[in-house]
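Q: What follows is the residue order along each chain.
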Amino acid sequence: MVEFLPRLRRFAYGLSGDAAQADDLVQDACVRALTHRDQWQPGTKFESWMFRITQNLWIDKRRSLKSKGVHHDLDSVPEPSGTDGRDVTEGRLTLAAVMKGMEGLSDDQRALIVLVCIEGASYKDAAEALEVPIGTVMSRLARARQLLAAKLVPATQGPSVSKETQR
Amino acid sequence: MSALSRRQPPDVIPLLMALIDGEADEEDRVRGLEVVAADPRLIGAVRDLDLTGRHVLKPLFGAIRDQPAPEHLKHMVRTMGATAGPADRRLAPARADWRAWFGNWQFAGAGALAAALLLVGSGIAIAPLVRAGAEQSVLAGPAVAEALMSVKSGSERPVTTGSGPLSIKVVQTFSDKRGVACREYEAQGQVGLRQYGIACAEPVGWAQRTLLFGPRLQDPWKTAGGGDEALETKIDAIAERMRDGDPLDQDAEAARIAKGFLK
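Residue numbers (our numbering), protein chains in the order written: chain A, -9 to 157; chain B, 863 to 1125.
Please note that the accuracy of each hint is not assured.
As the list claims (entries may be wrong) - Not the full set, but computed from the structure, chain B residues with beta-carbon under 10 Å of chain A:
1) 901
2) 905
3) 907
4) 909
5) 912
6) 915
7) 935
8) 939
Because the hints were derived from the structure by calculation, they are not lab data. For every residue, glycine included, the Cβ atom is placed at its ideal position computed from N, Cα and C.
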């Protein structure tokens, strides 16, 4: 489980948009998993089980707080790895734009974006993790990506044009 | 006929997404390209799906991926992973009562207590619960108690318990701050978790002061230092806090074994 923590943190970060909340979420998920380890079925993917637990905890937390939306703390966005200062700056802007764009998505849509597009899970694995049919994964994810893209296009046009003109 | 050829926008969009994500089969891939070429309305959708694809978002989040997990999280998982078990859930509602029941006995934590009870329930326990005068205590079982009476530090002894063979290795002997002799040991049976314990020679018998549980080792004693390093460090630290001065040296320990621990 320790080896899986970085991936789980990334998933939690994608859901919550906040580094501190992500760590709290991961901690809660690990506690839940370890105290309910008998519920994990051998032969199924441990990662999917952990993603599902994390997703459910996040939904519970959101409900209990009656939160109206996810607010991303852009200051908590980790600095991307890289040696070129310009790339670092643009990378940060783009990552921040993605996180901002994800605010408008539903929890289910956000989870799918993180699982499939950031974690690289297959549609089948995502369906297993979120316990929905694969057709639902595809339609929901496609819709989420179109919504996200609609918010990203203006953001990507700025820096990328700027970058082109510098070359 | 492929799935794509039977569909029209917007139903075709999830399948175009599969094409972009590399999850469409070859037939759908070829057909998808034909569909997009024939319908300009799909160009925008393809651009959106491509912009949010794995090849774009995954590297963006690389900074998070490359970040190591915080130490406190790793420590928590390791500790809980070593001490928690399925019985935690069953025991959780009664945990506060159990803590009160044990009074001032210094257990390593609720997880260790739950694990101790788990082992008791599973028949692997060497710490049956008994009433001991005014206080409740957890006493080492007969086989372990016998080993603690005679095994030298650094040595191991196979014993037979009601639940099968068990190997016990004594790590150190010391006097606690009350002047009571205590022994740190490790034990592992053919099933169940590996146990890291400290028991003290109380008037009622060998009372467990600390019980930690970790993953089983393939060969319990063959590899020196092959146990769970975090748990070994933790149990050693607990022993150090309990200890009055240094552990007994070989001669002092031999003398104490000859004299007997329980009076």
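Q: None of the hints should be skipped; say for each whether it holds.
A: Status of each hint after checking the structure:
no.: 1; hint: 901; result: violated (16 Å)
no.: 2; hint: 905; result: violated (13 Å)
no.: 3; hint: 907; result: holds (7 Å)
no.: 4; hint: 909; result: holds (7 Å)
no.: 5; hint: 912; result: holds (9 Å)
no.: 6; hint: 915; result: holds (6 Å)
no.: 7; hint: 935; result: holds (6 Å)
no.: 8; hint: 939; result: holds (5 Å)
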